Amino acid sequence: MIAIVDYGMGNIASVKTAFEKLGYEVVVTDDIDTLSAATHIILPGVGSFHAAVEEINTRHLKEDLQKLAKEKPFLGICLGMQLLFDKGFENGIADGLGLIPGEVNVIKTEYILPHIGWNELNIEHNHTVFDMFQNKHVYFVHSFQALTEKKYVVATANYGTEVPAIVRNGHIFGMQFHPEKSGEIGVKLLQAFLQQTSTTEGVES
Amino acid sequence: MIAKRIIPCLDVKEGKVVKGTNFVGLRELGDPVEMASSYSKQGADEIVFLDISATNEGRQTMIDIVRRTAEQVYVPFTVGGGVRTIEDVNRLLQAGADKVGMNSAAVANPSLITESSNRFGAQCTVVAIDAKRVGDKWHVMTHGGSKDTGIDAIEWAIEVEKRGAGEILLTSVDTDGVKDGFDIDLTKTVVDVVRIPVIASGGVGKPEHFPEVFQATNVSAGLAASIFHENTFTIKEVKDVCKQQGVSIRET
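Sequence order for the protein chains is A and B. Going by our numbering, the residue at position 52 of the first sequence is 52; the numbering climbs one at a time, nothing skipped. Position in the second sequence counted from 1, then plus 205, gives you our numbering.
FYI, nobody ran anything at the bench for these hints, they're computed from the structure. Remember, predicted model here, so these are calculated numbers, not experimental data. Incorrect hints may have been included.
[Claimed, not checked] Below, computed lysine-lysine pairings styled on BS3-like, alpha-carbon distance capped at 25 Å:
#1 B/LYS352 / B/LYS384
#2 B/LYS393 / B/LYS342
#3 B/LYS246 / A/LYS108
#4 B/LYS246 / B/LYS441
#5 A/LYS188 / B/LYS221
#6 A/LYS188 / A/LYS72
#7 B/LYS337 / B/LYS411
#8 A/LYS72 / A/LYS151
#9 A/LYS21 / A/LYS87
#10 B/LYS448 / B/LYS246
#11 A/LYS21 / B/LYS367
#12 B/LYS246 / A/LYS188
[Stated by the list, open to error] These stretches of chain A come out as covered by chain B in the derived footprint (C-beta under 8 Å, 3 or more residues):
#13 2-14
#14 30-40
#15 88-102
#16 174-182
C-beta: ideal position from N, C-alpha, C; glycine also.
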């Protein structure tokens, strides 16, 4: 069973059905017992970093999410990916989940923001599971990006600057784009996450 | 590089896709969710639904369509038409729309843009501008392009960006339905004064009209309705022509 964390940030119907399409049972919940029973945790999110952190804190989910991320495959999508980092600077400074070292700040580019639309993935590392996504287009909608060490970056997109598109720390993954809105390729990326995390790997802290 | 987007638009009336936005002689073309799903499988980069329902029942039906689309379609979609209040925006986003388009209501009450952007984010706040050439200017038209507000369309575009719109859906009332290509002058003028993505709309009669507007302006996307319906042209044909002309598009 895959659990999608329900914390009131953005709609998740497409995330849910994308995993269902892959043949998985999916629950949308903020109940810690249900989350603990899941095989994979998905943290979605649309909105601002600050507002998301407030929602997580209001629901007393922060420590639970940090604990779950150590125990099982964890995927943050869009804002959910940004929350994996230490700190965010959108609408004031807020502490993220601190699962991947780094910060989240506005994209420094001469191009227009938000970065909306279909952009190509450049696979940075030799991740065999992700190699097939080289130069494939995925759908982005964001104005803020992760600033992190190269070793955590699996893929980037060029938007006048290198924008981390897929990040990874052990079995904790983040996707800055919306795989659930990226057509067939998006569904295959979710599948790649599930495959990649089927073998347990340690999380660097 | 970011791809230019090809967007089919579906006019929906009382739960059915119809041809044309005129209220007389409408022909039903099919189920909106099935058509959206089919377009996304063909490679549409995004879908726009324009709700032209005249009744509350029709609007309620649209919410169900949005919910079903969110479950079955794996590309982003925008819903516009009849969006009057922040509650309308909220309802459509809650049902699963990625973006909500506002037009006449934004002109009548520009704070709707600000409110939507502050509450839900610029990325889901789309302002639709219908513009018509008047002398050496363009005026903002409302009520399906029939009412001249007298507002300068270029100044309005600048203002909607200031108020937090994340995108502009720009329709030329002059070229709409003429099938002789996008309004390059209008599109270029608006694209050059704003720093948010602009979707060009109105005037597509054949696939070549897409690369034409992408090469003449920095517009982010092109939208068309009738050429995609009844398979006059497929999304793939449009993308093939764009690719031949060196336009960066998403291949599926």
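Okay, the hints, checked on the actual structure:
Taking the CA atoms of B/LYS352 and B/LYS384, the gap is near 22 Å; set against the 25 Å cutoff, the hint holds. For the hint pairing B/LYS393 with B/LYS342, the CA-to-CA distance comes to about 13 Å; that is within 25 Å, so the pair holds. A C-alpha spacing of about 34 Å is found between B/LYS246 and A/LYS108, which places the hinted pair above 25 Å, so the restraint is violated. Distance restraint check for B/LYS246 and B/LYS441: the Cα-Cα separation of roughly 10 Å lies within the 25 Å cut-off, and the hinted pair is therefore satisfied.
Of the supplied pair hints, the one linking A/LYS188 and B/LYS221 is violated, its CA atoms being roughly 32 Å apart against a limit of 25 Å. Distance restraint check for A/LYS188 and A/LYS72: the Cα-Cα separation of roughly 20 Å lies within the 25 Å cut-off, and the hinted pair is therefore satisfied. Restraint check for B/LYS337 and B/LYS411: the C-alpha separation of about 22 Å stays at or below 25 Å, so the hint holds. Distance hint between A/LYS72 and A/LYS151 is fulfilled; the C-alpha atoms sit about 21 Å from each other, no more than 25 Å.
For a cut-off of 25 Å, the pair hint linking A/LYS21 to A/LYS87 is broken: about 34 Å separates their Cα positions. Between the alpha carbons of B/LYS448 and B/LYS246 the distance comes to roughly 19 Å, so the proposed pair stays at or under 25 Å and holds. Annotation: proposed proximity of A/LYS21 to B/LYS367 is violated, straight-line Cα distance about 41 Å (limit 25 Å). The straight-line distance between the Cα atoms of B/LYS246 and A/LYS188 is roughly 15 Å, inside the 25 Å bound, and the hint therefore holds.
For the region 2-14 of chain A, the stated coverage by chain B holds: 3 residues have a C-beta nearer than 8 Å to a C-beta of that chain, and at least 3 were required. With 0 residues carrying a beta carbon less than 8 Å from a beta carbon of chain B, the region 30-40 of chain A misses the three-residue requirement, and the given coverage is violated. A count of 0 residues in the region 88-102 of chain A with a Cβ less than 8 Å from any Cβ of chain B is obtained; the coverage claim is therefore unmet, three being the minimum. Counting residues of the region 174-182 of chain A whose CB lies closer than 8 Å to any CB of chain B gives 4, which reaches the minimum of 3, so the coverage claim holds.
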